[in-house]
Amino acid sequence: DSGVTQTPKHLITATGQRVTLRCSPRSGDLSVYWYQQSLDQGLQFLIQYYNGEERAKGNILERFSAQQFPDLHSELNLSSLELGDSALYFCASSVAPVAGGNSPLHFGNGTRLTVT
Amino acid sequence: GNSVTQMEGPVTLSEEAFLTINCTYTATGYPSLFWYVQYPGEGLQLLLKATKADDKGSNKGFEATYRKETTSFHLEKGSVQVSDSAVYFCALSGRNTGNQFYFGTGTSLTVIP
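Those protein sequences? They're chains A and B, same order as listed.
So the first sequence is numbered by my numbering: it starts at 1 and just counts up by one.
So the second sequence is numbered by my numbering: it starts at 1001 and just counts up by one.
For the record, the hints were derived by calculation from the structure and aren't laboratory data.
Computed from a predicted model, the values in this text were never measured in an experiment.
Cβ atoms here follow ideal geometry from the backbone N, Cα and C, with glycine treated the same way.
Hints are not guaranteed to be accurate.
[Unchecked claim] Computed Cβ-Cβ distance ranges for the label pairs, DEER-style: (1) B/Gly-1041 with A/Thr-13: 15 to 23 Å; (2) A/Pro-70 with B/Leu-1013: 28 to 36 Å; (3) A/Thr-114 with B/Ser-1083: 25 to 33 Å; (4) B/Glu-1016 with A/Arg-22: 36 to 44 Å; (5) A/Arg-63 with B/Tyr-1030: 33 to 41 Å; (6) A/Arg-63 with B/Glu-1042: 26 to 34 Å; (7) A/Asn-102 with B/Thr-1026: 38 to 46 Å; (8) A/Glu-62 with B/Thr-1026: 23 to 31 Å.
[As the list claims (entries may be wrong)] Only some residues are given here: those of chain A computed to face chain B with a beta carbon under 7 Å: (9) Ala-56; (10) Phe-64; (11) Asn-109.
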């Protein structure tokens, strides 16, 4: 058990809809990362927050947004959903503002999003 | 730029066989290198890491050595078990990557009894 909690485990929704994915980091971790895993694109970094502030941005679409709250949990909002957004969305946390050898990532079990 | 290249899968081995999963990387500077494992239905778990050249990371019978001269970090295990069936990801991170992680595409391993 990594200590990172993601909810819900599964989401099925229709195109054009909006969903919110939730992540609680490991106790003591201040950084939260969001990744998208799809069959054809592998693991893609979306965005990182550290202690409530956006720290780094990756390949995140404008239709997607995220935030980290004072209690350090984070939410990823996906709107105007398209079929191609179907994927596994992972949250990861680390203790430091920058991940690396001394601050590896710890992953949750993911949210599987299916857009029909 | 920064990138990680893993051998294509899937890999199927018999129990007790020797495993090698190749990983090479491109990066400026001296990144830390990692292997993560993803079991079915779960998130990625850190398997092992190495933070400088010639370091050997090891865990659960798996090993990988950071080879700067060949920019490689191949994963090995002497005798695989059915429970090792999973997807394995090589990754790098360091100051010159903006301290972000770069993951390979993953290699699926199936071990048959």
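Q | Violated constraints from the hint list, given by number and in increasing order | A | Of the numbered hints, 2, 7, 10 do not hold.
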